[in-house]
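Colleague: If you read the sequences in order, they're chains A and B. Residue 11 is where the first sequence starts when you use our numbering, and the numbers rise one by one after that. Residue 11 is where the second sequence starts when you use our numbering, and the numbers rise one by one after that.
Estimated spans, in silico, between C-beta atoms of each pair: (1) B:257 with A:221: 49 to 59 Å; (2) B:257 with A:30: 31 to 41 Å; (3) A:265 with B:274: 33 to 43 Å; (4) B:417 with A:68: 57 to 67 Å; (5) B:61 with A:104: 37 to 47 Å.
None of these hints come from the bench; they were simulated from the model. Predicted, not measured: the structure shown is a model, and the values here were computed from it. A virtual CB, placed ideally from N, CA and C, is assigned to each residue, including glycine.
Number of protein chains: 2
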Amino acid sequence: MVVEIISIGDELLIGQTVNTNASWMGEKLSMMGAFVNRVVTIRDTEKAIWDAIDEGIKQTDVVIVTGGLGPTKDDITKKVITTYFEDELIIHQETLERVKGFFARLNRPMLEVNIQQAAVPSKSTVLANLQGTAPGMWLEKNEKILISLPGVPFEMKGIMEQEVFPRLQERFGELQFYSKTANIQGVGESYLADKMNDWENRLRNANLELAYLPSPGMIRLRITSRKGQQDEKLIDDYFKELEIAYPENFFGYGDLSMPEVIGQLLLKNKATVATAESCTGGAIGHAIVSIPGSSAYFMGGFITYTNELKHQLLGVQQHHFETVGAVSEEVVREMAEGCKERLNVDYAIAVSGIAGPDGGTPGKPVGTVWIAIATPTETIAKQFQFSDNRERIINRTVLSALNLLKISIN
Amino acid sequence: MVVEIISIGDELLIGQTVNTNASWMGEKLSMMGAFVNRVVTIRDTEKAIWDAIDEGIKQTDVVIVTGGLGPTKDDITKKVITTYFEDELIIHQETLERVKGFFARLNRPMLEVNIQQAAVPSKSTVLANLQGTAPGMWLEKNEKILISLPGVPFEMKGIMEQEVFPRLQERFGELQFYSKTANIQGVGESYLADKMNDWENRLRNANLELAYLPSPGMIRLRITSRKGQQDEKLIDDYFKELEIAYPENFFGYGDLSMPEVIGQLLLKNKATVATAESCTGGAIGHAIVSIPGSSAYFMGGFITYTNELKHQLLGVQQHHFETVGAVSEEVVREMAEGCKERLNVDYAIAVSGIAGPDGGTPGKPVGTVWIAIATPTETIAKQFQFSDNRERIINRTVLSALNLLKISIN
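Isolated chain A (complex conformation) (with noise of 0.2 Å):
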């Protein structure tokens, strides 16, 4: 199953919204095994709707469009349409049905530009849009399918889901592939592509497909399968190697988060966390606390941006700050000390390091940090040298803290 998609709008060629349509689509058809050929976007006028149908149904089997389906009258997809299928419009009563109520839940008077949102082509079958006014359609011709849909993301997914993908899946069978992502954090793509020469040969051998998906901070790694579910086992075996060889980077499965990770492994362990931040400012607890139910295992923390903070919240020693300075082991170690007793914790987390621009030395250039855990039985502290922005190095450091954490309850 071929499939081209094309986006219409204006607001999608002048950059004020990002095509992000394009992409769900494109992800979840490709999930099913169909083949995204190309993507148009292009402005709202019924020559470049016309020409891109055209185009589209010519060479591949579904043209799936979005976009141009709303009340105003610059709206003008559904018009060409059905020139193009060589229909008329008629009212579909069940929409306008629906509509109706959707106004009269919302107490606003219908409008005639309103009526016409349930008129469709007389060939055409209706996708219930339960989300919203504008219907999809579904329209055939020659074994080509054209699909039209509302613009508006939550509505087109709502339709995708509820009517596009089961009656593609009818027509074009069960393709669905299988695959499963892996995290990894703490060491860099080009690293791990080299290290791993083999391992991707062997899987490419065994018709997996390996996909490096970028992330701010870590790496994720999808392996499908278009043989389906029946290689589950294989690519779980793939994963496992990967599990072994990079013990302290690998973190999990899916969409599992790094503070998801942590917060699953402090409430098995029935244990608690605080934290003391200087460069990050607030960025480790901030993540900590955007997984529902933190409060079971986080308590709280210090912010101590400044050498008096670190001193008089936290009690580090004021001579480490003329000696080694306030991006160092005495220091971090003192902090993450510091903040375990105060706050009465079983872990406590401290960074200190240089997000930059300015502040950095030759020898302790900008992204030097240091990063301390206090555990129930000791302290351990380490060094990372991050490179980039002042916001990459604080969410690297984020990342790594937490990943240093997870080591430590391990």
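On the provided structure of chain A, position chain B as indicated by the hints.
Modeller: Positioned in the frame of chain A, the structure of chain B alone reads:
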């Protein structure tokens, strides 16, 4: 100047990557007066690239191609372009030196594939890539321009800004639109649109264009004039009306973020700030330190996720937790005042709220947030009711707290 953008890459079609390159270019090109006619996203195959370039060249003045210039063997764009322009590849010495220097700095061996990155069509103008190894290329044929750029966003942006925009401007003349964006916080888009109906109509009658740019937790309003700089004062006058109508919500122009506005205000007033956060878990501190140089005014703060710590670290009276509860005016006031006193700062921000999904009650549903600002002369407190999910409640709390600080300083 009519432009077509061609984005090459399987990762874009299968939804691994969202095509933010095209929206960035669309916005910048539109702002300089170009008409972006179409964006075509295609597979990394010879035929797809050839067909797309051929179509683009026939229909527009300028075709900008991104992607397909990396060192791996899949990247065939350069070959197709060279053949299309009936040209041959030659090694560009200046680029080769740059690539060599790049590998030398990283202490990595340079491979044959890397040398090939310095190969360009002999008739092309090389567009220097100061951020990476693959250079951009500018080719012309029968008054049509083809520009080929790497797909890595920051490399593409660097070449566009340093090499492409100046050349396009020279060729097509100053078509520069003039536009200005204002940022508004704490009022809903539909509410604003409703209130400003008359303002919007007058604006459109003056041939100015208005766009509501979506941005989490705030509204960005852009007014554009196609006549350019001459309309600057007119646009300023329209925005002044908004400033007067929404003094508490209007927080700045352009790309200036709320933390930057706060930073500039504190610097100007030589004032310091600290935070006492509950439901945001450090997100306010994180937002403040996202600005380089924030150590000049941000001292640090407390994350008091438990009642116990609100009492222990900030001196909140225990009886409040039984009587009015942790999410109350009494508690945030004492948090702010306790923080200000203990950290000896001019301003302290305190927040306490229910970020959900659990923890809501009929009297204090999820999204109830109290925010207090302790200033040198008084403490102000305000209750907010946010909806949506945990992440958005936290995000809105951060923006609202910073906005309340802004109002307190002014």
